[in-house]
Amino acid sequence: MSAKLVLSGVRKRFGDNEVCKGIDLTVQEGQMVCLIGASGSGKSTLLRCINLLEPVDDGTILLDGRDIAEPGLDPQPVRARIGMVFQSYNLFPHMTAAENVMLAPRRVHGRSRSDLQAPVTALFERFNLGDRMGHYPDQLSGGQQQRVAIIRALAMQPEIMLFDEITSALDPELVGEVLDVLRSLRAEGMTMILATHEMAFAQEVADKVCFLDKGRILEEGPPETIFGAPREARTAAFLSRVL
Amino acid sequence: MSGSETTAGGLSRRAAYEARQRKRAMRVAAGSTAAVVLALVLLVPLAPGWEKVQRSFFNGEVFAKTFPGLLEAFLTNIYIFAWCAPLIAVLGLVIALCRDVRAPALYPLRLFGAIYTDVFRGLPVILVIYLVGFGIPGLGLPRPWNSPYIWGSLALILVYAAYVAEIIRSGIDSIHGSQRAAAASLGLNEKDTMRFVVLPQAIRNVAPANMNMFIALQKDVALLSFIGPVEIFRQAGVYKSLMANFTPYVGAALIFLAVTIPATRYADYLMQKQRRART
Amino acid sequence: MRIAVTSALVATMMASTAMAGGHAGCADGKTLEEGVLTIATGNPAYYPWVLDDAPESGEGFEAAVAYAVAAEMGFEADAVKWVRTSFDEAIQPGAKDFDFNMQQYSITPEREMMIDFSEPYYSSAMAVLTTGAVVDGGAEATIASLKGLKWGAVATTTAVPMIAGLIAPDSDPLLYGDNTDVTAALQAGQIDAALFDLPTALYLSAVVVENGAILGQFPADRSEAPDQFGLLMEDGNALKECVDGALAALKDSGALAELEAQWLQQATGVPVIE
Numbered sequence: 001m002s003a004k005l006v007l008s009g010v011r012k013r014f015g016d017n018e019v020c021k022g023i024d025l026t027v028q029e030g031q032m033v034c035l036i037g038a039s040g041s042g043k044s045t046l047l048r049c050i051n052l053l054e055p056v057d058d059g060t061i062l063l064d065g066r067d068i069a070e071p072g073l074d075p076q077p078v079r080a081r082i083g084m085v086f087q088s089y090n091l092f093p094h095m096t097a098a099e100n101v102m103l104a105p106r107r108v109h110g111r112s113r114s115d116l117q118a119p120v121t122a123l124f125e126r127f128n129l130g131d132r133m134g135h136y137p138d139q140l141s142g143g144q145q146q147r148v149a150i151i152r153a154l155a156m157q158p159e160i161m162l163f164d165e166i167t168s169a170l171d172p173e174l175v176g177e178v179l180d181v182l183r184s185l186r187a188e189g190m191t192m193i194l195a196t197h198e199m200a201f202a203q204e205v206a207d208k209v210c211f212l213d214k215g216r217i218l219e220e221g222p223p224e225t226i227f228g229a230p231r232e233a234r235t236a237a238f239l240s241r242v243l
Numbered sequence: 244m245s246g247s248e249t250t251a252g253g254l255s256r257r258a259a260y261e262a263r264q265r266k267r268a269m270r271v272a273a274g275s276t277a278a279v280v281l282a283l284v285l286l287v288p289l290a291p292g293w294e295k296v297q298r299s300f301f302n303g304e305v306f307a308k309t310f311p312g313l314l315e316a317f318l319t320n321i322y323i324f325a326w327c328a329p330l331i332a333v334l335g336l337v338i339a340l341c342r343d344v345r346a347p348a349l350y351p352l353r354l355f356g357a358i359y360t361d362v363f364r365g366l367p368v369i370l371v372i373y374l375v376g377f378g379i380p381g382l383g384l385p386r387p388w389n390s391p392y393i394w395g396s397l398a399l400i401l402v403y404a405a406y407v408a409e410i411i412r413s414g415i416d417s418i419h420g421s422q423r424a425a426a427a428s429l430g431l432n433e434k435d436t437m438r439f440v441v442l443p444q445a446i447r448n449v450a451p452a453n454m455n456m457f458i459a460l461q462k463d464v465a466l467l468s469f470i471g472p473v474e475i476f477r478q479a480g481v482y483k484s485l486m487a488n489f490t491p492y493v494g495a496a497l498i499f500l501a502v503t504i505p506a507t508r509y510a511d512y513l514m515q516k517q518r519r520a521r522t
Numbered sequence: 523m524r525i526a527v528t529s530a531l532v533a534t535m536m537a538s539t540a541m542a543g544g545h546a547g548c549a550d551g552k553t554l555e556e557g558v559l560t561i562a563t564g565n566p567a568y569y570p571w572v573l574d575d576a577p578e579s580g581e582g583f584e585a586a587v588a589y590a591v592a593a594e595m596g597f598e599a600d601a602v603k604w605v606r607t608s609f610d611e612a613i614q615p616g617a618k619d620f621d622f623n624m625q626q627y628s629i630t631p632e633r634e635m636m637i638d639f640s641e642p643y644y645s646s647a648m649a650v651l652t653t654g655a656v657v658d659g660g661a662e663a664t665i666a667s668l669k670g671l672k673w674g675a676v677a678t679t680t681a682v683p684m685i686a687g688l689i690a691p692d693s694d695p696l697l698y699g700d701n702t703d704v705t706a707a708l709q710a711g712q713i714d715a716a717l718f719d720l721p722t723a724l725y726l727s728a729v730v731v732e733n734g735a736i737l738g739q740f741p742a743d744r745s746e747a748p749d750q751f752g753l754l755m756e757d758g759n760a761l762k763e764c765v766d767g768a769l770a771a772l773k774d775s776g777a778l779a780e781l782e783a784q785w786l787q788q789a790t791g792v793p794v795i796e
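Residue numbers (this note's numbering), protein chains in the order written: chain G, 1 to 243; chain S, 244 to 522; chain A, 523 to 796.
Hints listed in this document are in silico derivations from the structure and should not be mistaken for laboratory results. A couple of the hints might just be wrong.
Beta-carbon label-pair distances, calculated as ranges [to be verified]:
| id | chain 1 | residue 1 | chain 2 | residue 2 | range |
| --- | --- | --- | --- | --- | --- |
| 1 | S | Met-514 | G | Gly-65 | 47 to 57 angstroms |
| 2 | G | Pro-75 | S | Val-333 | 29 to 39 angstroms |
| 3 | G | Asp-24 | S | Pro-443 | 41 to 51 angstroms |
Heads up, incomplete: computed chain S residues facing chain G, CB under 10 angstroms, no partners named [claimed, not checked]:
| id | residue |
| --- | --- |
| 4 | Ala-426 |
| 5 | Asn-432 |
| 6 | Phe-439 |
Beta carbons are placed, not taken as given, at the ideal position from N, Cα and C, and that holds for glycine.
Take these sequences, add in the hints, and give me the full structure.
Encoded structure:
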């Protein structure tokens, strides 16, 4: 295994509010890393920094050894290599599910609709949405929308996938179908970083769990350690509240 | 079928109650409307000047004589509207996009967009029509390039594009940042994000507002009459002068209403539909 | 006491009658304001009908005629009050704020159905106002040549039906709100020619339009579509008889012709349109 992504001293502030206060994190190829922590602990911001949706103030982010946090770097090619899925799905409401998925491969990779037809259909079928390709987002359930959003990111053939609390907006009975997708991706060896409140799921699938507190990674380790025998009192207190 | 759940008509108790309430409400509304109309019809003619007003404004003979001519003149309004509307839409979109450019090299465009909308929203339409409609041809353009139809239309286009640009811009602003973020996270550049993600939604959101702009345009086409074209308003004015009677204006008003009321209703319907879709 | 007052009154009345001529007293009780004659003119009033937009001076043809009519009716100059109205105000239903309105209103049968006109005080030749450039371009004072021109006129005037009736041009005329807009269009080359009453056309060509020219005239005594100006009054105005009497007296005495000669330039050398 080699280090796919290495964050060192990543800092991000919004005005007076420093949200990431020097974060170090290493993600190995094929690893699934779960970020846990209270709301406002900096999980989402960290993911947005990795995807360059927020410019990093200080520190480096090495993707395959190359610093993508360098000021002035064109973010678009980087974003095309990193997939991201949001809490509120963020599907494009004026496009069908299939059009949502095809837009970026067409515009960024210059591929034609007919080229994309087969692989995109395969993705939809893989996640049991083969009969929903022509539907608009508002004709789909929350779980279906979130799965389309995942397909949309996957269609770019990303090297890393970022998931930002993707089950938080879902009705409880719809959470399972989305988590199944993540299990499936893990099985095929996708490198993933997941900000989540689903502790049981993190415990089940994560290779590494990081507990964020006030903009810092307070503690990290394999799930058995973090959930079984946390080193820090704050981690224990947080877990006792959410478990 | 159980008798306690449905009445003889097959309605639930609630539905039957609501149907009764609706009927009652309609009776009351019809009654009060009839009372007001009756009062107007009976009382207005009692006013001492009514006979003269009727002869000046609601003169059947004058109406019959002038109405066909007014309808014909209204064709001119339709032509002018028909070529102005698409150009306004295009220019409005261009100006709105100018105001949204982020690249520093394109700052002059942004500045231009801001000044443009400020200036043309700040001027009365009629003033722009005079300045452009008489001013530019006065520079010595040969016929037919000095036609008031061309320059008057341009004046309308310039003014209305400023309003439409602001409406489209508000539509662009109304698209939540998460849509741009989603597009960016997929690697789309700013241009594609605008073209494929933001604009289609923005334009749909502001369609009713733009519809209202175009209804206003339909009426303001009449202002072109100040620089020569004989459209319906001017034609009515000619009839008014010839016959010393205002009835042709009433005829023109009826023609305008026949177009604008359905259009306004349609815009309202669109807006309602959109509001329902959002909730 | 009573006798003294009465005789004083009679003396005053006789004095004013003597001064004013035959029609004094006919307006008693018929004017808007007792003892005052309220006359309306345009806003602004144009040369040569009123000089310097100041009808009170009595200078300009219509201002002079107004005071002459007033005198005939028994009003002294300081009993004449001026107000301003637009054409629309003049014809709107309801109480008028003038006794009569004079601003080159042409008498037509259609208008007479809605309002009253006095007997005509002026018969107008209609003249073709154009520019030197159009004349150089080959325009002539013939109907055939006029048909090919692009025409303009003030929309509220009888010039509009006259263009259609006398000339019937090949393309529809453009119409405007006032004289200024017509001359602006002429200057911008949007129209070739405009139809005005001769005095107005002479003034516009000499003073307003750069390189202005009068191409020709339809003389005042033409049988087809004559254009005569009358004083406009509210329909059924009791004053009409009195005003007509005054005008008739001015015509008979030659006073009206004198005023015309004094204030309106004679159109010498303007060719008659064939």
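Given the hint of 29 to 39 angstroms, is the C-beta distance from Pro-75/G to Val-333/S inside that range or not? Since Pro-75/G and Val-333/S have Cβ atoms about 32 angstroms apart, the given range 29 to 39 angstroms holds.
Once the shortest beta carbon distance from Asn-432/S to chain G is found, is it less than 10 angstroms? 6 angstroms, holds
Using the C-beta atoms of Asp-24/G and Pro-443/S, is the stated range 41 to 51 angstroms upheld? 42 angstroms Cβ-Cβ, so the 41 to 51 angstroms window holds.
For the hint on Phe-439/S, just tell me whether its beta-carbon gets within less than 10 angstroms of chain G. Because about 6 angstroms separates Phe-439/S from the closest Cβ in chain G, which is inside the 10 angstroms limit, the hint holds.
Could you tell me whether the CB distance from Met-514/S to Gly-65/G stays inside 47 to 57 angstroms? Given a distance of about 55 angstroms, which is inside 47 to 57 angstroms, the answer is holds.
Given Ala-426/S as an interface hint, is the shortest Cβ-Cβ distance to chain G below 10 angstroms? With a minimum Cβ separation of about 8 angstroms from chain G (threshold 10 angstroms), the hint on Ala-426/S holds.
Comparing the model with each numbered hint stated earlier shows that all of them hold.
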